[in-house]
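**Student:** Sequence:
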Amino acid sequence: MLYLEALEFLYGLGNYEKTPPINYDASTHDLGRMGQLLAALGNPHERFKTIHVAGSKGKGSTCAMLASVLRHMGLKVGMYTSPHLSSFRERTRVNGSLIPPEVVGLLADQI
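Following our numbering from start to finish, the sequence shown increments by one per residue and tops out at 111.
In short, the hints are calculated from the structure, not lab data. A portion of the hints provided could be inaccurate.
List time: in silico DSSO-like cross-link candidates among lysine-lysine, alpha-carbon distance up to 30 angstroms [to be verified]:
id, residue 1, residue 2
1, Lys49, Lys59
2, Lys18, Lys76
3, Lys59, Lys76
4, Lys49, Lys76
5, Lys57, Lys18
6, Lys76, Lys57
Full structure from sequences and hints, please.
**Tutor:** Structure follows, in structure tokens:
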């Protein structure tokens, strides 16, 4: 899949910030589908040490500072942030480098 096709696919998956609220209950609040997707992708979340930054303010700055410190310690650092400012590629970085467009396409194909 080409980069622009991948963006069209990814943006078409849904925007939960613009979707009306869902009344979650036991039948709608289930992580089973996510577990199936992760299993189909080889459970990548189990291969990496992760820091999850959550909250309402300062997540991007906190992630950037953590990434910088970890890189200066000699570690290989991946970082995902959302939303992006000007390019979708800003969301996924490895050691500060943006994800290449062709990789976005390959990964969208895999999903």
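**Student:** Next pair to validate is Lys49 with Lys59; report whether the Cα-Cα distance is within 30 angstroms.
**Tutor:** holds (18 angstroms)
**Student:** So if I understand the rule, the pair passes when the alpha-carbon distance is 30 angstroms or less; does Lys76 with Lys57 pass?
**Tutor:** holds (26 angstroms)
**Student:** Lys18 and Lys76 were given as a pair; does the straight-line alpha-carbon distance stay at or below 30 angstroms?
**Tutor:** violated (35 angstroms)
**Student:** Verify the proposed pairing of Lys57 with Lys18, using a straight-line Cα cut of 30 angstroms.
**Tutor:** holds (20 angstroms)
**Student:** For the pair we were handed, Lys59 and Lys76, check the Cα-Cα distance against 30 angstroms.
**Tutor:** holds (20 angstroms)
**Student:** Please verify whether Lys49 and Lys76 have alpha carbons no more than 30 angstroms apart.
**Tutor:** holds (11 angstroms)
Checked against the numbered hints listed earlier, the structure breaks hint 2 alone; every other hint is satisfied.
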